[in-house]
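Student: As you go down the protein sequences, you meet chains H and L in turn. Just so it is clear: in the first sequence, position 221 is 221 by the numbering used here, and no numbers are missing. Just so it is clear: in the second sequence, position 98 is 1098 by the numbering used here, and no numbers are missing.
Don't read these hints as lab results, they were simulated from the structure. Glycine residues also receive a C-beta, built at the ideal position from the N, C-alpha and C atoms. The reader is advised that the hints may include incorrect statements.
To be clear about the criterion: a stretch of chain H counts as covered by chain L if any three or more of its residues have a C-beta under 8 Å from a C-beta of chain L, and this derived list gives those stretches [to be verified]: (1) 164–178; (2) 249–257.
For the chain H half of the interface with chain L, some residues (derived, Cβ under 7 Å), not all of them [to be verified]: (3) 154; (4) 241; (5) 264; (6) 285; (7) 286; (8) 287; (9) 290.
Given next are the chains, with one letter for each unit.
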Amino acid sequence: MADMTDMADTDTADMANPVPAPNPVPAPGTASAREVSRRFRPPVLVALAASGVAVIALLVVAGGWLTPYDPGQQDLMRGAAGPGDGHWLGTDALGRDVLSQLVAGARTAVVGPLCVAAGALLLGVPLGVLAGYRAGGLFDAVINRFADLVYAFPAMLLVVVVVGTIGDGYWFAVAVVTLLVLPAQIRLCRNTTLVQARLPYVEAARTLGLPAARIMFRHILPNIRPTVLATLLLDFGGALISLSGLSYLGLGVPPGTPDWGELLRQGQTLLAVNPYMSLAPGLMIIIATVGVTLLGDWLYDRGTAGTDPR
Amino acid sequence: MSITTFVLRRLASGLLLLLALSLLVFALLDASPGSPLQSLLGTRPATPELVAELRARHHLDEPFALQYLHWLSDAVRLDFGRSISVQAGTPVVDMVYGRAALSAELAAYCLLLVLLLGVPLGLIAGIRHGRTADRSISLLATVGFGAPVYALSVVLLYVFGVALGWFPVYGAGEGFADRVTHLTLPAVALTTVLSAVVVRQTRAATVTVLRQDYLTFARLRGLSPARVLIHYVLRNCAPPVVTSAGMLLIAPLSAGIFIEQVFSLPGMGSLLLTAVAAEDLPVVQGTALLLGALVVLVNLLVDLLGFLLDPRVRLHAAGEH
């Protein structure tokens, strides 16, 4: 029992709702040597997650050369069928090769979430740092009320209703998802910046008369990088879940686009004929989202292990 | 802060949230493609009588703000109009009532499974902190936390419904036993995703509680491990778990859209999706606003429960004012 009680807890801080860390200088003896080495060693699981993500990245970049068939090429004589005849994962109702659609779908699955993460980085991070540095101002209050509003309702419900009713295609959906991701990203950056802004190095920089923008982006930003990176990965994963989910519901990509969610939806009606048509994209979505989550958690733990005694 | 002020404050902020949601939901009519009149006509022929009736019913000749006020005063009395295309002519409220029971049953089943599985697993992980049991449970929780419910559901549907044939793959079933069999796979899929959060919360709470001096003291006094576990650990783990209970009650609603689609269940989620696909705006507005009201109500109850369960929240709130 003794080793259990003096071990530093690593999981009390919730990623979505971080408690501002009280003191970034580790009190002597909070983390044992064993604990620190455990945190820095990449576990097997993280290696697995990284290779899963790397494979998907490879499909995105080199997918065009890897597909055995043209993903749109139909073979109506063959129709929906299980694996065989050089079709490793079988064919869909129109006789299109499932493996080729799966490989081509990687690009569709990743592009939207990448844009969401980019939006979170380019808009959410600067606004969050600004809100944290000028905490208590009008902007800070507005952001917090908006975040409350978004947190209060199930985001997916809003996305389905707004995208489904206004229905202006895939990029509109990407914009809506970005808008719903932003408050969480801004608030997280705000809270971590708030902690940093009270530290002596920020005080020193201010005393030296450095401009606020320089302090925020050259001094504070590098110090909150682990948190920012981890949350961007989580944003990416969440956006992949939402956007592929919209396609699964038939509200996402236009029909005919090779997409994992779309493939999952069509494959579900053919589960008895060719189960791989929906199992393969389902597993790809799971690998991508769980992989990104694991990587984000690990980066966060590693990046904050030395500085943050959570 | 007295309990009355607490409730009143939360009630006020809940009402403000609902007001914001109602504005968004009402604005859908103007934001949807085509004119509001076209949206309300749907595929029905635009006879002069129908057009005149719709204009009068929805106050289309008045400015937006007045339209909204008329609509809101009807909505407060649960009058969201009649369905255009999904069940043409049926009042929206009746349609929602017809679907609510199944969604509630699914949510209750899921909540039961989460409490029976998630809380004990989190306790075990917390007590065995850093050991193999903890690592395996935490891994499962991460998978459940990261994986989307629809992908998990389709995999479960194939393995247990199609390949093994243990559970039905379609519909809601008749009668109690049949209903339970039909709802088992959807509930398990939802539980996997929801347990993840409960396991994490319970584990973190257990680890924190186990480090407290009063626990060491309880053990020193020679209290039996069972008594320590139940009276000290479990009781002090309750507040964070109750806080996540709000999410547990709300998540089946949003995840329900997917679950009900995967397993062809006629619940609230599938009603919303059907209405969205059919562009049946009164049904979309009514369902969304009623779901929103439910979310606000659940959050209020959970806050209240946390207030009653944890004296520290009360003291903190008292110190604030």
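Student: Answer holds if the nearest beta-carbon of chain L is closer than 7 Å to that of residue 241 of chain H; otherwise answer violated.
Tutor: Holds: closest Cβ of chain L sits about 4 Å from residue 241 of chain H, inside 7 Å.
Student: Restraint: residue 286 of chain H near chain L, CB-CB cut 7 Å. Satisfied or not?
Tutor: Hint holds; residue 286 of chain H Cβ to chain L Cβ min 5 Å, cut 7 Å.
Student: Classify the hint on residue 154 of chain H as holds or violated, based on whether any CB of chain L lies nearer than 7 Å to its CB.
Tutor: With Cβ-Cβ at 3 Å, under 7 Å, it holds.
Student: Checking hints one by one. Is residue 264 of chain H an interface residue toward chain L, by the C-beta closer than 7 Å rule?
Tutor: holds (6 Å)
Student: Quick check on the hint: residue 285 of chain H CB to chain L CB, less than 7 Å?
Tutor: Where the cut-off is 7 Å and the nearest Cβ of chain L is about 4 Å from residue 285 of chain H, the hint holds.
Student: Given that the stretch 249–257 of chain H was listed as covered by chain L, double-check it with a C-beta distance under 8 Å for 3 or more residues.
Tutor: holds (count 3)
Student: With a cut-off of 8 Å between beta carbons, are at least three residues of the stretch 164–178 of chain H near chain L?
Tutor: holds (count 4)
Student: Holds or violated: is there a CB of chain L closer than 7 Å to the CB of residue 290 of chain H?
Tutor: holds (4 Å)
Student: Are residue 287 of chain H and chain L close enough, Cβ to Cβ, to be under 7 Å, as the hint says?
Tutor: violated (9 Å)
Checked against the numbered hints listed earlier, the structure breaks hint 8 alone; every other hint is satisfied.
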